[in-house]
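Let the hints inform the model, and build the full structure from the sequences given.
Residue numbers (this note's numbering), protein chains in the order written: chain A, 1 to 640; chain B, 1 to 516; chain C, 1 to 100; chain D, 1 to 171.
Computed cross-link-like contacts, SDA-like style, restricted to lysine to any residue with a CA-CA straight-line distance of at most 25 Å:
#1 Lys-91(C) <-> Ala-158(D)
#2 Lys-167(D) <-> Ala-82(C)
#3 Lys-372(B) <-> Gly-110(A)
#4 Lys-87(D) <-> Ile-81(C)
#5 Lys-91(C) <-> His-30(D)
#6 Lys-26(D) <-> Ala-69(C)
#7 Lys-609(A) <-> Lys-90(D)
#8 Lys-90(D) <-> Ala-624(A)
#9 Lys-159(A) <-> Val-363(B)
#10 Lys-158(A) <-> Ile-364(B)
#11 Lys-85(C) <-> His-30(D)
#12 Lys-91(C) <-> Leu-33(D)
#13 Lys-411(B) <-> Asn-72(A)
#14 Lys-108(D) <-> Gln-639(A)
#15 Lys-409(B) <-> Thr-209(A)
#16 Lys-372(B) <-> Gly-103(A)
#17 Lys-167(D) <-> Thr-67(C)
#18 Lys-85(C) <-> Val-157(D)
#19 Lys-108(D) <-> Leu-630(A)
#20 Lys-85(C) <-> Leu-165(D)
#21 Lys-577(A) <-> Ile-423(B)
#22 Lys-87(D) <-> Pro-88(C)
#23 Lys-411(B) <-> Gly-207(A)
#24 Lys-158(A) <-> Lys-372(B)
#25 Lys-90(D) <-> Gly-628(A)
#26 Lys-589(A) <-> Val-178(B)
#27 Lys-91(C) <-> Leu-88(D)
#28 Lys-158(A) <-> Arg-362(B)
#29 Lys-87(D) <-> Ala-624(A)
#30 Lys-302(B) <-> Ile-364(B)
#31 Lys-411(B) <-> Phe-205(A)
#32 Lys-138(D) <-> Leu-53(C)
#33 Lys-87(D) <-> Asp-93(C)
#34 Lys-87(D) <-> Ala-92(C)
#35 Lys-302(B) <-> Ile-592(A)
Calculated directly from the structure, the hints in this document are not laboratory data. Keep in mind the model is a prediction, meaning the values are calculated, not measured.
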Amino acid sequence: MIKYTLIPLLPLIAFVINILFGRNYIRDKAHWVAIPAIVGSLLLAISAFFDVAGGNVININVYDWIVSGDFNVSAGLMIDQLTAIMLLVVTICGTLIFIYSVGYMHGDEGYYRFFAYLCLFIFSMLVLVMGNNFLVMYFGWEAVGLCSYFLIGFWFNKKSAGDAGKKAFIVNRFGDFGFGLGVILIFLTFGTLDFVGVFGQAGSFAGQTINFLGWEVDLVTLICLLLFCGAVGKSAQLPLHVWLPDAMEGPTPVSALIHAATMVTAGVFMVARCNPLFIESPIAMNTVAIVGGVTAIFAATIALVQNDIKRVIAYSTVSQLGYMFLALGVGAFSAGVFHLYTHAFFKALLFLASGSVIHALHNEQDMRNMGGLKKYMPITYAVFIIGTLSITGIFPFAGFFSKDEILWRAFLAGDMGKFLWLLGTIAALLTSFYSWRLIFMTFHGDFRGTSEQEHHLHESPKVITVPLMILAVGAVAAGWVGIPPLFMEHGDKIGEFLAPVLGHPSGHGTHAQEWFVVGISSLVAVLGGIVAYVMYVKKTDIAGKIASAFKPVHALLYNKYYVDELYDTTLIQPVMKASDKVILGFIDKTIIEGIVNGIPNVIGVFSRKLRTIQTGVFGSYGLAMTVGALCIIGYLFFQR
Amino acid sequence: MDNVIMNNLDYPILSWTVLLPVFGSLLLLFMQNARAVRWTALIFTLLTFAISLPLLTQFDKGTHLMQFVEKHEWIPSWGINYIIGIDGISILFVFLTTILSILCVLVSWNSINTRVREFHIAILAMEAAMVGVFVSLDFFLFYLFWEAMLIPMFLLIGVWGGANKLYASIKFFLYTLVGSVLMLVGIVVLYFAGGKTLDILTLSTLSLPMGLQFWLFLAFFAAFAVKVPMFPVHTWLPDAHTEAPTAGSVILAGVLIKMGAYGFLRFSMPMLPDATRLFIPVLMVLSVVAIIYGALVCFAQKDFKRLIAYSSVSHMGFVTLGLFAMNTQGVEGGILQMINHGIITGAMFLMIGMIYERTHTRVISEYGGFAKIVPWYAGLFCILTFASVGLPGTNGFVGEFLIIFGAFKAKQIIGVLSALGIILGAGYMLRLYQDIFFQDAAPDFEKKGKHPVWDLDMREVLTLAPLLLLVFWIGFYPNTFLSYMHASVEHLISRVNYTAYAGQENLIAKYIMEIF
Amino acid sequence: MVPLSWYIILSAVLFCIGVFGFLARRNMIVMFISIELMLNAVNISLVAFSHYLQQVTGQILVFFVITVAAAEAAIGLAILIAYYKNNPTVKADDASLMKG
Amino acid sequence: MTLVQGFFIYFAVAMTVLALLVVTRKSPMHSVLWMLAFFFHTAGLYLFLNAEFLAAAQIIVYAGAIMVLFIFVIMLLNLKKEETERKLQKHWVAGLVVSLVLMAAMVKILSGITVLPPLGEYSIQFVQLQGNLMTIGKVLYTQYLLPFEIASVVLLVAIIGAVVLAKKRIL
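Structure below.
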């Protein structure tokens, strides 16, 4: 038991040590605390993986957390197959990115702070995936948001960084608002928050309705949709995707670890974890699928025209997360988790590689000022190519297997599925295009930056390139655990491994259909690459012509569909205006204070009149007193 | 006295807790040296805390009865007795009061330099009165302490306050006095209605006629709602907080405004159960309005301290919402949230006081980049910010979650709206944090500038340490505190749900129609 | 034999003259004297009652009244002197520092 | 009209006139002197009522002590300028009306006194047998001992108060 508790605890201890002693004692040796901790967690996670590989589930209640009446929630850990996969993803990516950060963050004055936050993040993420009930998961859920806030705003002297961190936290709060209500509703429905207890009863509540705010709605659907609100926020799906691109203000390792590989996939993990609930509600499933599919295309179109290298990858992340939700929504939970797993490798690789580029260019992120880097940074170029091949889904790279599985499962899922498959395929085309566009703009052509930058161009040190190479291996080979039966019988190891938790996807198709799907997706992947090659290497003036030809469309995409502006005018400004002018200025200052100060003012007017009686001359007081005495005498006399 | 557990320790523990600060303040009368005064006050607050500790260990958590009860006849001809005792509801407040008093003395160590002796006398008198309010089991005694509290607080604001102190102190005084006077009328009526007794426990078992309960509830509501403060009568709070010295703000936020909610728990609910149930919808709506209203107002604040003061309105809205949800989770969450708010907001005011000593400004826009200038300060304030926002792992989460849970259970729409308050809370707190600590440092406060700003020293860290410890303690293991409440809260809820008018809601409605 | 009511009416008349003096005069010393006049008027009625009711309490009360009158005169005149030092007048309507 | 009644009428008329003189003289010194005469008349009236001790005390304390104190104060303050100014306050007519009404009311009420409580034990014969001083002394030092002591404290307070107040620098 202590072994499993230690998995999240080791990073926590490292965090405490670094944050308390980092500033004055540890300083630039912070990684000597952090890396052993995460390696320890990694080893324990591998051990835990083999413990559950045999099929048994570890479920420990550490202590009673909140007890109030019949509300009783314990702080407990659960490790099943799904958790085990997540543990590996988190700790492996974490370890590599920690090592990478040693080089990337070298010399930063907040070095110790950076590692402290990373350790706290790993702790939170591990708690999130290991919790054995919704409240512990919610704990991790919020805590990763906190770490994300810290790390996005790591360079807090930049206003944009602070703003981005705040935006991330608050947008996530909107999602968590739904998640929290979902958790409450789960308890009120099932009488427990334990995963085992809730999922065990899920079937018996199917079809029940509840009066929610005056509407009669299906109970399980309501719960699922509320939970999904949380996932939408955390995984940056429409309409709460706005925070993720801004989150790129954080250091690149953070973008790789939190905003690509682990935290943003928490939503996917959560929906997968709650699959027994979601399965009971077709409406919720369809919602998940449609939100995922639409987000996949939506984000991909924005990525087409962005010029900031990290933002392109960020929108690509949003798009890929959309894919995962699409998979979950069509019932292919294991496919979603599989994509989560491969995506962690290739997207972390892409981010870290772009970090390497940015590092070499001294924090230049605009691709228009790059170009021709392949001769200066061969290793980065190579791993970038590998990552891109993987994300675009070229056989036999990791992305191919997972993406193909998703599209195939979508294809099988009825009429709606066909539509979703179409969305996914178009998104794949766009993905291919913008990914190659990124490569061509960055590494091909001539260098467009300043000559001073060119003078300093160099390949990154080993501490950066070695993790890149390891991740590149992952980006190639990670998908080989999920080879579809089409190519190899019993090749879908990961699907079988996850089956006890996530079940088997339904639906069967012919080999011909499957070849069709595979063929189409491979075709569009290549097609996108070719188009990008033509536009950005061969005839570089085409891009500008197209942009000016479709000016409104280009502006729309370039400005991210004006979603930020929409929120600003419809939500933020009204709240600020209302609070300043209406609430504080009018209600508080005018009405309430008016009444409060008005009463004394009225009294004041009277008393000013009245006090003239107080002449201060005691003769008049004597007179008044005598008159008073006279009145009393008169009263007594006439009363008789 | 068969319905209470008499004090079985070999000394009158509660009386000592009340009287020690009084002795301390009397002793201070004879001191001149400011240093000696400070040390004496510190020693007496520490002693009081030490004395009150056995309450926590010796407390029997299994019963709702009053414990450590001491009873002496006082004015027998009017049925007035000296009865004090505590139950699961009040014990934590006594604890909170004694701990915050220590911190108040500590935080004033350097910042109060005028009339040092009188200041500490006021603090000690305040402590005695506050503990007295929480332990009184006789209405007369209670009212005595309740009003006695007003005077030191009035002085703390009026003498050691900021620029606009006179306005604030008089506003505070008048507001609370108006409420208290109505309560006094209520007490007198209860005295005659309850068979000429002022014994709170006896009065808590009466079933009064509905009409009487209705008016009595309004009278008590006036006193308690002002103190909390609930929505339309909250405007004294920002002024009082802004102008009060740090210690005054801490006491005000930490304990004083808890009195109102405590009053609801101890008096309104058990004595007037039918009226309470009648008013619950109104009170819940008012609470939610306070939550959202308080949060929205925070967005428009330009003054550091005033913002926190308005956030108190929002947080106390949560407290009252929980109490009036009238189920176990809501009430326990409400009580816990009172403690939490005392800890978080108390600590925040302490920290604001500390930074004010260095910068001499509270205007948010004059700050900036303080994370670089005072990193430890920034770190600790960060913890409090997120505790205030209600992040899991801090005490704010446990309280707010239980309250929203309770509210949702009682009335869904209320629960949903109150959860919105949490989003707004994150908004204004993070905005504040960013404006104060992020971006480039304001030029005035750079280390070489005209106002050198230095990081927290040992005394200040020690002042904050107990509260920060409690933030995480309650966050990770709230059962230590929740377990004290269970029995008392269950009893309270069953009392409110018990009624002489079961199933006669239309009768009550008819009564109200008749009034208007 | 003189009826009791004669004494009482005399007392009342004297008392009212005292009241008039106190209310109408400007000079504080004369106001003091008027007070003494009122006290004396009351004393007369007390002694008269004492005599007619064959009680000794009335006389005792007069005794106390004389004591108090002495004390009052001493303090009052001391106040007057103190006041005069600050503010050289004994006019009652000039002493209006207590004006609201 | 008996002789006694005649004397009473003399005293009544004289005292009323003296009192009017006291309150109407412009100079305070004149008021005090008329007051002195008034006190002597009062003492005489006391003698009529068999209160010899009080008559003596009246002359000693009032005429001998209090009035002398007044005279001292008047001379100390040296009030020449005062005399030339307005004698009455602005609202003296109101004062006059009020006191006249009061007088009317009192006369009206008091003249109707008919019912008297039962007579006490201190009849004229009894007092004469024991002596006026003895009678008062016995009652004063037994039944009224506590008030007597309090009266002494009051006097003490007056002494200290007068000394403190009349000091050069107040407080």
